[in-house]
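K.L.:
Using this note's numbering, you'd call the opening residue of the sequence shown number 854 and step up by one each time.
In case anyone wonders, no lab produced these hints; they're calculated from the structure. Just so you know, not all the hints are guaranteed correct.
[Claimed, not checked] Here are the simulated EDC-like cross-link-like pairs (lysine to aspartate or glutamate), alpha carbons at most 20 angstroms apart as the crow flies:
| hint | residue 1 | residue 2 |
| --- | --- | --- |
| 1 | 880 | 905 |
| 2 | 880 | 912 |
| 3 | 894 | 951 |
| 4 | 968 | 940 |
| 5 | 885 | 907 |
| 6 | 968 | 928 |
| 7 | 962 | 889 |
| 8 | 892 | 946 |
| 9 | 885 | 905 |
| 10 | 962 | 951 |
[Stated by the list, open to error] Here are the simulated distance ranges between beta carbons:
| hint | residue 1 | residue 2 | range |
| --- | --- | --- | --- |
| 11 | 962 | 895 | 19 to 27 angstroms |
| 12 | 895 | 926 | 22 to 30 angstroms |
| 13 | 918 | 950 | 15 to 23 angstroms |
| 14 | 872 | 897 | 12 to 20 angstroms |
| 15 | 894 | 970 | 35 to 43 angstroms |
| 16 | 928 | 952 | 25 to 33 angstroms |
| 17 | 908 | 929 | 18 to 26 angstroms |
| 18 | 949 | 914 | 30 to 38 angstroms |
| 19 | 968 | 914 | 29 to 37 angstroms |
| 20 | 924 | 972 | 29 to 37 angstroms |
Beta carbons: idealized from backbone N, C-alpha and C, even for Gly.
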Amino acid sequence: MESNLKTKTLFLESHLTLSNRTIILNKVELLKRIQDIAKEKSIAKVRESVFDLENQLKDFERDGKTLLNITTNGDTITLSQRYLFNELNQIIEAQTLERCRYYLSRLTKAINQTKTNKINDININRWKEYPKIIAESLSVLLHTDDSGG
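With the sequences and hints as input, model every part of the structure.
P.N.:
Written as structure tokens, this is what we have:
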């Protein structure tokens, strides 16, 4: 079953061209779905649930106006399509249930919290959305000397 899901993931990825276009999502519903996925008891169920979420996000009609929004009204969040699908694919490709849950937790944090610093306004919880950031430079940002001297 898991190898079938892996094949299915690779097949669907080839048919979706990810862009940096912004998608507007119902924040409450998205977080509820992520929380439900994190409660799954097996890695196969996690993968299947994330797969269903991806498919729902790919098809506006299938969504039924629960996750995808047209405007930023109410409790919504805007995310880069590429960022969100890459995060979901990372969850699907995780090798252990614990790692899946870690990635789900990290995605929840990225949706719920904005973390910036004194130097710039980059949301460190969603640094992958910024295409020009070099990962090694983040450690410099996170460990800068704030002693003032």
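K.L.:
The structure should be examined with respect to each hint, and the outcome stated for every one.
P.N.:
For each hint, the structure was consulted:
Taking the CA atoms of residue 880 and residue 905, the gap is about 17 angstroms. The hint holds against a cut of 20 angstroms. For the hint linking residue 880 to residue 912, the alpha-carbon distance of about 18 angstroms falls within 20 angstroms, and the restraint holds. Proximity of residue 894 to residue 951 is assessed by CA-CA distance (about 10 angstroms); at most 20 angstroms being required, the pair is judged to hold. The straight-line distance between the Cα atoms of residue 968 and residue 940 is roughly 18 angstroms, inside the 20 angstroms bound, and the hint therefore holds.
A distance of roughly 15 angstroms separates the Cα atoms of residue 885 and residue 907; the hinted pair therefore holds under the 20 angstroms criterion. This hinted pair checks out: residue 968 and residue 928 have alpha carbons roughly 19 angstroms apart, not beyond 20 angstroms. Among the hinted pairs, residue 962 with residue 889 is consistent with the structure: their alpha-carbon atoms are about 15 angstroms apart, no more than 20 angstroms. A threshold of 20 angstroms between alpha carbons decides the hint, and for residue 892 with residue 946 the separation of about 18 angstroms falls inside it, so the pair holds.
For the hint linking residue 885 to residue 905, the alpha-carbon distance of about 14 angstroms falls within 20 angstroms, and the restraint holds. This hinted pair checks out: residue 962 and residue 951 have alpha carbons roughly 16 angstroms apart, not beyond 20 angstroms. A hinted range of 19 to 27 angstroms for the beta carbons of residue 962 and residue 895 is consistent with their spacing of about 24 angstroms. Residue 895 and residue 926 have their C-beta atoms about 37 angstroms apart, which leaves the hinted 22 to 30 angstroms range violated.
Between residue 918 and residue 950 the beta carbons are some 32 angstroms apart, a value that contradicts the proposed interval 15 to 23 angstroms. Separation of residue 872 from residue 897 is about 30 angstroms and departs from the stated range, judged on CB atoms against 12 to 20 angstroms. One distance hint, 35 to 43 angstroms for the beta-carbon pair residue 894 and residue 970, holds here, with the actual separation near 38 angstroms. At roughly 29 angstroms, the beta carbons of residue 928 and residue 952 sit within the given window of 25 to 33 angstroms.
A hinted range of 18 to 26 angstroms for the beta carbons of residue 908 and residue 929 is consistent with their spacing of about 21 angstroms. In this structure the supplied range 30 to 38 angstroms holds for residue 949 paired with residue 914, their Cβ-Cβ distance being about 35 angstroms. One distance hint, 29 to 37 angstroms for the beta-carbon pair residue 968 and residue 914, holds here, with the actual separation near 35 angstroms. The hinted window of 29 to 37 angstroms between residue 924 and residue 972 holds, with their beta carbons roughly 33 angstroms apart.
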